[in-house]
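Residue numbers (our numbering), protein chains in the order written: chain B, 1 to 340; chain W, 1 to 340.
Keep in mind the hints are simulated off the structure, nothing from the lab. It cannot be assumed that every hint is accurate.
Since the list gives no way to pick out one identical chain from another, each pair is judged satisfied if it fits inside one copy or across any two copies.
Lysine to any residue pairs mimicking SDA-like chemistry, simulated, CA-CA at most 20 angstroms apart [stated by the list, open to error]:
id : residue 1 : residue 2
1  : 336       : 99
2  : 6         : 307
3  : 2         : 317
4  : 102       : 70
5  : 151       : 296
6  : 151       : 297
7  : 102       : 74
8  : 151       : 285
The chain contents come next:
Number of protein chains: 2
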Amino acid sequence: MKVAVKDVRKLAEGILLANGVPGSHAATQAGLFIEAEMRAIPSHGLLRLRRVIERIHAGLSNPTTTGNQQWTARAFLSVDGERGLGPVIAMAALDTIIPRAKEDGIAIAAIRNTNHLGALAYYAEHVANQGLTCIALTISEALVHPWGGRKAMIGTNPIAIGVPADPTPMVLDMATGLVSMGKIHDHANRGAPIPLGWALDENGDPTTDASAAKKGAIAPFGGPKGYALGIAFEVLVASLAASAIGTGVKGTLDSVNVSNKGDIFIVIAPPHAEGAKALVTAYLEDIRGAAPSDPAHPVLAPGDRAHAARAQSEKRGMFIDDGLWGDLQKLSEESKKEIS
Amino acid sequence: MKVAVKDVRKLAEGILLANGVPGSHAATQAGLFIEAEMRAIPSHGLLRLRRVIERIHAGLSNPTTTGNQQWTARAFLSVDGERGLGPVIAMAALDTIIPRAKEDGIAIAAIRNTNHLGALAYYAEHVANQGLTCIALTISEALVHPWGGRKAMIGTNPIAIGVPADPTPMVLDMATGLVSMGKIHDHANRGAPIPLGWALDENGDPTTDASAAKKGAIAPFGGPKGYALGIAFEVLVASLAASAIGTGVKGTLDSVNVSNKGDIFIVIAPPHAEGAKALVTAYLEDIRGAAPSDPAHPVLAPGDRAHAARAQSEKRGMFIDDGLWGDLQKLSEESKKEIS
């Protein structure tokens, strides 16, 4: 169904407020989910709100903290997230390192002990909108198998890169798994098979059975190169954030475990900001204007699809899955009851 | 043929010295090529030495400079490479930013106007051997087509990541093209076809003809994700280094054009170096010990194959292609003649 963005925002923030989340934190957490919905990435949208509430009730998430920030060196911010809401801890860390990056040219935040960040594109774009370049990395539960291996040992380890450009920054956001576990679950729910090569079953054998794949492991994207990239991100993040690693990572997907993964944000100030932006803008225009192999499908730059969807949502309201909208109403009612 | 490492080094350095390269610069440039040979990556080895000499003679490479380094901000080193030898300019930049990274936690060097760097793994490992984490990026002539496009518009844009570990650092080094142009040339020289999907011909149509692919474009690795990553690296590097971008990049492969690509090095000091190294070491051991899908092929961590080849080369001498060895002797004779 189609709904006005402001109505969705009011509903989502209301649910968070009713569950003890302070106003500005509720705006941050809800805002992240709503951006994902507006960009037609519902997998990272409001369907995750119920889990956020469950984790608060289970004591796995502290909705009031902004994290304990320590400058372990002049341009290295180490953050103990104190089990805070992922977007709240991350945005607070960015607020702290952005001025340092503007002054020194580069700064890094390494975060541990915080909840799921949601879509990394949100942060990369937030930084790039301020004329700065951003590299964002996070790790997850081990869901991906090594190239030539049989068991899940690596997170889905996404990377986001934001670079200033007009009219919108270039924003890359991609996981290093071939598909998401959400997509596997979706196939399993529909009883649909998955293509061979997407995943292994729990014995480490290739499978087309989505239900078997749920207990198994996802393939890395791009063969041995994507595998190597996923491993490199895993060790880079965990070693700098002093977080858990590999199969030791827990608590980003469930309502049982403390979230012990790590997150990294690198913010860089280009020395010649205007020239840099013009260079990137012109190049991306060339890319978009390139002759396509299929005339029906113009060549896109990273983030174009999300930006187009967002513009549509702003103009015409956003589409939300009927079932999800019903569940949000229910969650809102439950939250009110608990208070009264 | 098998040769002693020291004999190869003497020959390669001698050729460089005879062509006006100062001793320490010759050691750096030759050392980079020899490391590639020792690691069984001949595509980045001594076969490139002749081109280095040609570029010096053509005035496209200034073998004496170490570049003009400017701290445009406290932790941002902007380098005009002044047409210097790639490894000389890059190692000088690393020498400058490593102490700053140790002090501030992170520092970056953005380099323009320098010649081909060679294998990025060399720099990532050099940094990681000092207990620091390194992200290295460079761009190249446009050889890769956009996903859904017909023409080459993106460099092969490799990334290297080095993270301290025992007994050797984890070193990832991979291009974002599906295959190298060198591999396409190799197929063309042998009259061998290439698999469909590797490349397009000069009209932008898929081809299995390696000779046609030489005039066309290589596919990005990993489909749309690898494409997006290649674009993101292109704009990140060019915007920070103020270098050329896309089809404007020239002079890393020929003896005609000034090299106008950019290079980026980010060096990061982990706050808890010993703990970080132990965490990564243990994780990589787990990965290597994982049950393989094929018992004949143990699971490898990034860089393992190169490190194993290097250990063999140190112990037993290195293998050099007979034709290449002959060409190096010839190049050595030519260089002596020019002097006398």
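Each hint tested on the structure:
1. 336 <-> 99: Neither: 40 angstroms inside a chain and 56 angstroms across chains, both beyond 20 angstroms.
2. 6 <-> 307: within (19 angstroms within a copy, 56 angstroms between copies)
3. 2 <-> 317: Within one copy only: 6 angstroms inside a chain, 70 angstroms across chains, cut-off 20 angstroms.
4. 102 <-> 70: Result: close both inside a copy and across copies, 19 angstroms intra and 17 angstroms inter.
5. 151 <-> 296: The answer is between: 17 angstroms across copies meets 20 angstroms, while 40 angstroms in one copy does not.
6. 151 <-> 297: For residue 151 and residue 297, only the inter-copy Cα distance (15 angstroms) is at most 20 angstroms; the intra-copy one is 37 angstroms.
7. 102 <-> 74: So residue 102 and residue 74 pass the 20 angstroms test inside a copy (13 angstroms) and across (10 angstroms) alike.
8. 151 <-> 285: Answer is between; shortest inter-copy Cα gap is 15 angstroms, intra-copy 42 angstroms.
Of the numbered hints given earlier, the model fails hint 1 alone.
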